[in-house]
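The listed protein sequences correspond, in order, to chains A and B. Residues in the first sequence are numbered consecutively from 174, following my numbering. Residues in the second sequence are numbered consecutively from 74, following my numbering.
Keep in mind the hints are simulated off the structure, nothing from the lab. For clarity, every value in this text was computed on a predicted model and none was experimentally measured. One or more hints might be untrue.
Claimed, not checked - Restricting the straight-line Cα-Cα distance to at most 25 Å, the calculated cross-link-like pairs of lysine to any residue (SDA-like) are: (1) B/235 with A/286; (2) A/192 with B/179; (3) B/295 with B/325; (4) B/182 with A/477; (5) A/457 with B/226; (6) A/192 with B/226; (7) A/281 with B/227; (8) A/457 with B/143; (9) A/457 with A/473; (10) A/457 with B/325; (11) B/185 with A/458; (12) B/295 with B/264; (13) A/457 with B/206; (14) A/457 with B/186; (15) A/210 with B/205; (16) A/281 with B/226; (17) B/235 with A/208; (18) A/192 with B/210; (19) A/192 with B/143; (20) A/210 with A/458.
Unchecked claim - A short, non-exhaustive set of chain B residues, derived as facing chain A with CB atoms under 7 Å: (21) 174; (22) 177; (23) 189; (24) 291.
Quick reminder that beta carbons are idealized off the backbone N, C-alpha and C, glycines included.
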Amino acid sequence: MVTQNETFQAPNEQGYYGKFGGAYIPEMLHRNVEELKAQYLAIMHEASFQKEFLHLLRDYVGRPTPLFLAERLSAEFNTSIYLKREDLCHTGAHKINNTIGQILLARKLGKTRIIAETGAGQHGVATATVCALKGMECIVYMGEKDIERQAPNVARMRMLGAKVVPAISGSRTLKDATNEAIRDWINNPLDTHYIIGSVVGPHPYPDMVARFQSVISEEIRWQLKEKTGQELPTHVVACVGGGSNAAGAFYHFLDELSVQLVAVEAAGHGVHSGMSAATTQLGKPGILHGSKSLLMQTEDGQVVEPHSISAGLDYPGVGPLHANLFDSGRGTFLSATDQEALDAAFHVSKTEGIIPALETSHAFAVLGRMNLQPSDRVVLCLSGRGDKDLATYIHELDAQASSLT
Amino acid sequence: MSRLANLFASKQKNILNVYCTAGYPHLNSTIDMIAALTENGVDIIELGMPYSDPLADGPVIQQSGNIALANGMTIAVLFEQLKTLRQVSNIPLILMGYMNPVLQYGFEKFCKEAASVGVDGLILPDLPEYEFETEYGAIIKANGLDFIFLVTPETSEERVRKLDELSTGFLYAVSSSATTGKDKDFDAVETYLQRLASMSLKNPVLVGFGIKDRPTFQSACKHANGAIIGTAFIQALEGTSDLKATVKQFLATVQ
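With these hints in hand, go ahead and build the complete structure from the sequences.
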C-alpha cells in the first residue's frame, strides 16, 4: 500500500530507497565514494554550479526540449499523447543531461581524468563530448562485443578525443565494461572521477544521476501546464534499462500519487524465453555494481547475461529507485519484446515523422495496452533518436521487403 | 581460541597466507590443493569463492574464477567438498568472496555451514561496515567466524581504527591503487605499512598485493606480520599436471 507520507524521490542517509540501494563497495573505493557522498549535494546547490549547469543545458544541450502533442498517435489511441523530445538533445539522447552535471562536479572536486562505461555508446559519446568541451582526459570502457556492434559510436568517441578501451572479461558487454571502469577507479583513486551513465552504482550515484536527469520532469510540469492548464499528467511512460531517462521523467511526479508511472523493460525474445532483460519480472534482490537492487541471476547468485535488441536496455539490473517503485507498487512495470519495439519504431516513424531510438521504441510499444481514456494526458519520454540504430532498422526493412516478395 | 588467534599467538612474523580459487584448476582439486598447501608449510589458506563479477580482483584471479564457475563450482558444491577439510588440514582457512552469491545461498545458512565444516573466517570485500554493524556482523559472530576487513593507504587513521575494532583474526592491508595482481612500488608501500605498524592495532596485519617471490614477501613482512600471495600462485598453477609438485615448487621460491 502506497501512502502519501512516503517519498520515492530521495534515498535515506545510507542510500536506500526502501529495501534497495546502499553502497556495497570494496574499501579501495571508499574514499572516492565517501568524498562524493559528502560533497555532491553541496556542490550541486552552489550558485556558480547551478549557473554553469543551466547555461550549458540551454546553450550547449539545447534545453528546454519541446513537449510535443503527437496528434496522429493521440487520435489512434483516442487520448492525448505528449512526447518529451529528449531525442533533440545534443548527441541525440537524454544521457548528456547527466554528463554535463557530472563533469562540472568532477572539476569542483579537482579531478583531471574521467572514466565511463558504455553499452550502446550513447553514454560514452555524451561523456566524450563533455570531456572535449572541458578539456579533460576521457577513457571509455566498452564491452568488446559492443565495440563490434556499435562501430559508429566508437568512431564518434574517438573523434571527440576519448580513448575507448575494450572490456574483455566475462560476457564482454555493458556489465563487464562497468566492472572494468570500477577497477580503473580502484587503480586511480586520486585524480579520476567515474561518470556512471545510469541511476545505478553505489550511493550517491543513483540519487545524483536522478537529480541531474530530473530536469526532464521539471520541464514537463511547466510545459504541460502551458499546453493544458494542468501541471500533472495522468501517465508518464518511459523505457527502463538501468533507468536514467525514466528516473528523470518520473522524478517530479514520484510523490504525486495521481500520476501513473509506467516503466517499460525489454522482454527480448519474450520475458520467459531465456533471452530477455526484463529485470523486475525475472530478477531477485541482489548486489551488483555497488548497490542492492533487483538482479537477474542464477540460483547460485551468479549474474545472468541479459538480452535485448537495444544495447541501452541490455543490463541485468535496474536502479534501486526503480526496484523500490516496483516493490512498493508505486510504479507499473510493463515490457515489450524486440519485435514489438521494432514494430513500434516503424509505426512512430511513419505516424509522427520521428525515428525513435530502439530503447524508446519499447515505451511506444505498450501504449495500446494501457487502456487509455480520452481525458488522459499521457507523457512519453522520447529518450533518444534512432540514428544509432539504423543498421538494425535497415536489417528489419530488408526482412520486411523479402517477406513481401 | 580460534585457529587464527592460536596461530598469531605462536607466530608473529613471516606469516604466509596463500590465496587459491575453489574449483580451480579442476572442480575437485580444492581439497588436494588445501592438503598440498598445508604440507608445504603455509600458515593460512584464503579460499576464493568464484563470482561472475569480482570487482576487487585483477584479470588472473578473475580468469581462475571463470574457469572454476565453468567447472561447476558453487557454494553448495564447495561445502560438500569441505566436509573433509579438517581431515587434511589443521591450519586456518578463510573464505573470500562477494556478497551476492552468499546472499542467494542465505547469509545465516552460509555462516552456519562454513563453521560446521571448519572454516575459520570470512573476507567479503563488498560488505560495507554499515551493513556489517547493523545486520550481518552479529550472524558472523554468532557462528564463531572471524571477519577480516580491508584497509588501504587512502583509509584515514580514524577509519583504520574502526575497521581494526570490527575485525577479528587479522587486518588485510591492500593498496587502494590495486585490484589484485599489479606490480607495486615497494617504497611507497613501506611508508604505508610503517604507518599501520606504528598505530598499535588490535589485530595482526597481513599485506595483500604485489607479492610474488621471496624478495617481495620479505619486504612486505618487514613492517607487517605477514603477507598474502594470490595472483602469482594462480599463475603458477596454470596448465599444471602435477598439483602437489607445482605447489611445492612455487612455495620454495617464496619461503
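Verification of the hints:
This hinted pair does not check out: residue 235 of chain B and residue 286 of chain A have alpha carbons roughly 31 Å apart, beyond 25 Å. A hinted pair counts as satisfied when its Cα atoms are at most 25 Å apart, and residue 192 of chain A with residue 179 of chain B qualifies at roughly 17 Å. At roughly 19 Å between alpha-carbon atoms, residue 295 of chain B and residue 325 of chain B fall within 25 Å of each other, so this suggested pair holds. Under the criterion of a C-alpha separation no larger than 25 Å, the hint pairing residue 182 of chain B with residue 477 of chain A is consistent with the structure, at around 23 Å.
Restraint check for residue 457 of chain A and residue 226 of chain B: the C-alpha separation of about 36 Å exceeds 25 Å, so the hint is violated. For a cut-off of 25 Å, the pair hint linking residue 192 of chain A to residue 226 of chain B is broken: about 32 Å separates their Cα positions. Proximity of residue 281 of chain A to residue 227 of chain B is assessed by CA-CA distance (about 20 Å); at most 25 Å being required, the pair is judged to hold. For a cut-off of 25 Å, the pair hint linking residue 457 of chain A to residue 143 of chain B stands: about 22 Å separates their Cα positions.
About 12 Å separates the Cα atoms of residue 457 of chain A and residue 473 of chain A, which keeps this hinted pair within 25 Å; it holds. For the hint linking residue 457 of chain A to residue 325 of chain B, the alpha-carbon distance of about 46 Å lies beyond 25 Å, and the restraint is violated. Pair hint residue 185 of chain B plus residue 458 of chain A holds up; C-alpha atoms about 22 Å apart against a cutoff of 25 Å. Taking the CA atoms of residue 295 of chain B and residue 264 of chain B, the gap is about 11 Å. The hint holds against a cut of 25 Å.
Restraint check for residue 457 of chain A and residue 206 of chain B: the C-alpha separation of about 24 Å stays at or below 25 Å, so the hint holds. Using a Cα cut-off of 25 Å, the hinted pair residue 457 of chain A and residue 186 of chain B holds, with the two alpha carbons roughly 23 Å apart. Among the hinted pairs, residue 210 of chain A with residue 205 of chain B is consistent with the structure: their alpha-carbon atoms are about 19 Å apart, no more than 25 Å. Of the pairs offered as hints, the one joining residue 281 of chain A and residue 226 of chain B holds, with about 24 Å between alpha carbons and a cut-off of 25 Å not exceeded.
For the suggested pair residue 235 of chain B and residue 208 of chain A, the alpha carbons sit about 18 Å apart, so the restraint of at most 25 Å is met. Only pairs whose Cα atoms come within 25 Å are accepted, and residue 192 of chain A paired with residue 210 of chain B is accepted, the gap being roughly 19 Å. At most 25 Å may separate the alpha-carbon atoms for a hinted pair to count; residue 192 of chain A and residue 143 of chain B exceed this at roughly 32 Å. For the hint pairing residue 210 of chain A with residue 458 of chain A, the CA-to-CA distance comes to about 24 Å; that is within 25 Å, so the pair holds.
Proximity of residue 174 of chain B to chain A holds as hinted, the smallest CB-CB distance being about 3 Å (cut-off 7 Å). Because the closest C-beta pair between residue 177 of chain B and chain A is about 3 Å apart, less than 7 Å, the hint holds. Residue-level restraint check for residue 189 of chain B is violated (minimum Cβ-Cβ distance to chain A is 20 Å; threshold 7 Å). Hint status for residue 291 of chain B relative to chain A: violated, with the closest Cβ pair at about 25 Å, above 7 Å.
The structure fails hints 1, 5, 6, 10, 19, 23, 24 (numbered hints given earlier, in ascending order).
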